[in-house]
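First to last, the sequence lines map onto chains A and B.
In terms of the numbering used here, the first sequence has 667 at position 439, counting the first letter as 1, and numbering is strictly consecutive.
In terms of the numbering used here, the second sequence has 185 at position 152, counting the first letter as 1, and numbering is strictly consecutive.
Heads up, none of these hints are tricks.
List of simulated lysine-lysine pairs, DSS-like, C-alpha gap at most 27 Å:
#  : chain 1 : residue 1 : chain 2 : residue 2
1  : A       : K624      : B       : K159
2  : A       : K624      : A       : K865
3  : A       : K309      : A       : K552
4  : A       : K230      : A       : K242
5  : A       : K699      : B       : K159
6  : A       : K498      : A       : K239
7  : A       : K427      : A       : K400
8  : A       : K341      : A       : K455
9  : B       : K159      : B       : K57
10 : B       : K159      : A       : K865
11 : A       : K675      : A       : K653
12 : B       : K189      : A       : K675
13 : A       : K872      : B       : K152
14 : A       : K480      : A       : K467
15 : A       : K309      : A       : K498
16 : A       : K230      : A       : K705
17 : A       : K480      : A       : K290
18 : A       : K617      : B       : K159
19 : A       : K333      : A       : K470
20 : A       : K290      : A       : K333
21 : A       : K333      : A       : K480
22 : A       : K525      : A       : K872
23 : A       : K614      : A       : K624
24 : A       : K572      : B       : K159
25 : A       : K552      : B       : K159
26 : A       : K865      : B       : K152
27 : A       : K238      : A       : K525
Worth flagging that the hints you see were computed from the coordinates, not collected in a lab.
Computed from a predicted structure; not experimentally measured.
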Amino acid sequence: MKSVRIIALKKDRKRILEHLQNSSLVEVKHNEVPHEGFERVDTASQLQRFERNNQLLTQALKILDKISPEKKSMLDSFKGKREIEPEDLGSIAAGSPRVISICSKICDLEKQKSDYMAERIRLKALSAQLEPWGSLDIPLNTPDTATTAILIGTFPKMFDESALSEALAEEKDLVFDSEIFFSSVNLTCAVIYVPKAQKEKAENVLRTLGFTRPLNPTSRTPAEKIKRLAQKDKELSEKIDKTVEDINKYVKYRQAISDTKDYFVLRSDKYKVISELDQSSHTFILYGYIPECDCDKLEELCLRAADCIVEFSEAGDDAPVKLKNNSFTEPAESIVMMYSPPSKEDIDPTPILAIFYYFFFGMMFSDAGYGLVLIIATTIGLKVWKPDKSMRNNLKLFRNCGYATVFWGLAFGSIFGDAPAVFYKLFTGQEITMAQLLPWPILDTQKDALTIMILSIGLGLVHIIVGMGCKFYVCLKNKRYAEAFFDTGLWMLMLIGFAVLAAGMVISPVLMTVGEIIAIACAVGLILTQGRSAKGIFGKLIGGVASLYDITSYVSDLLSYSRLLALGLTTGVMAQVFNMLSTLMGTSVFGIIFMIVLFIAGHLITIGLNALGSYVHTMRLQYVEMFSKFYEGGGRKFEPFAVKCNNFKMKNSEEI
Amino acid sequence: MEGIVFAILAASLATVLSGIGSAKGVGGAAQTAMGVLSEDSSMFGKMLVLTLLPGTQGLYGFIVGFLIMINCGVLGGEVPTLMQGLAYVAASLAIGFGGMISGFAQGKASVAGISMCAKDEANFSKAMVSITLVEIYALLAFIVSLLMVISIPGIKM
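Excised from the complex, chain A in its bound form (with noise of 0.2 Å):
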């Protein structure tokens, strides 16, 4: 990582910040404050405007979402962005004004629509009071006769014909005559007729009773309320539905809409970074850092575009890192980088990790068939989709894991499990076991397991001994020698030590007594040592010795690795399980409808448990075991001043 500094004209500037911005090449450095005798660019208005922009098109999008969804599958997730040319850009750009305001209509469309919609709610319930009054032949504002006062109301009970008779009746001498058109628990519509004389007389009882006048009162019949308000309320669905035309007219600016919506992040990206130029009144300077390799390909891109200086320097302590590796450990930087991308004093773990990573994953997952599914999966979705960077990184990942997954199935004998077997006994009734149907010795899981379980502990003595070679290569190369030595070479040499002894108990006792040897050595080189930082003779004697407790840490370390063998148990059974379920229909034509639906289904829930667990359980052994021995991170990642859109890429621009 090398810091650059361009130094250009302001006339100028507009260029290169485009030409950067298509290159990805150079990450902006932050200054909080410009240097002596140089100014910043408030740039906030713009930033603003951008913001209300992305916005509205972010609404006319969600609007367009509602009313024609669009159709994506899942797989569809997996696709890389279209291409487009820097030409593209330009029209983009030209057409954004009227993509604006094509989403501001469809804002106003929308409204619209909600507002009639609240219109169509107003008149049903308004429907809904009338709907009691429906056999009522009289408007409900009729005027009194020139004898009769006629009352229209309700009363807050139930009423029947005679109980209201009776309830008119407390008020003495008063005549009347009374119709009930609606009665139900808590409500009762009548209608009631008194002499004009006795009005008065007649609210008051009525009043006693909650008799109350409606609310909308027509001078329509409440029938011919009921079918206006039903004529009404079908124009407005149609009104609704016309609308919902003229939004669906815009369907066809979808991709339009997205694609101004990146035009002004891509822009609002690049305002923030005029935001940190230093200016003075003709020139402006750029503060970046930049991949060393990149060095040269930026001077060249700067000099074509405008007349400029481009300087290098050395980068300080607090520039980002940019993983660089070969095609076969590039997918595993993802790994990496979920952990935390390496400090300045850590060197790049990719390449161990990448084939650590595919080895115990393929242990784990340990399944021939399998594997050739993972190879054969993830090579189609790279030629098909033609994914994103990080996307292809992940694919070639299980891609290789993959391979790893198919040699491990085939030395413990392992094709979906055992199905070769068991079809065999299926169509010929012989008895037969993978190792005999295999030309190769095969290590069975369940009847090895003790084998496995060695080999697996083998193999993580190995990873632990990696991990901390790479520690003592790191104190070499920062000079801290007594670490290096003393801390991880007597360690290191001592787990050794144990390996021999192990390997002695089955071999030959000369083994034995040459790792005992090593072993008692190193401990003694353990005591000597460890304690150095301590005062006194006592303090590093005992420094020493309490160190060995730390032989503890070593072999729950060592034992965690079983789990190479717990999983690639699990994947074994499992497969074998429903190898078993899917022959129990026997030979019929139902059987083996059966049977292939069985085969198909099982094997997926398989795969996708185990591959699951083993993605999960190789990343903790990396992670926990191999890392814990030598790796820092803390480091930050770099983040070049880039294209950074969720709707399509530039052609021919560096991916990051």
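Since chain A is already given, all that's left is putting chain B on it; use the hints.
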């Protein structure tokens, strides 16, 4: 001949006890994960991984149960003697209880990991690794049960 009852009991114990652990662990984690997903459905992949982590105990128990069935005459092998049947029960207790209790514990760790990941997606790998720390104890129990189960038919009792 009488051994088969105990062998079947052993297979059931191994499967059901560790299954209880996983069911409770995954269930709790799934509840929390759904809470997170209701806010941000784009985290589904990460949540799925964290939710499924306490699920392995059940699988381990199931495998031990299956191996017992293969060895004891239910799905093949010879019918065990009484003492062998009892030995199967003894062997299945390791993964049964180890799986159940580590399943509870891992479920709790998963819930915490999911909340941590919901606050900042960058914490995902840390959460994942911390949750798998619990797994080692289920794993040890499983290995012990497994080694015992596969060697019982060879021991004359």
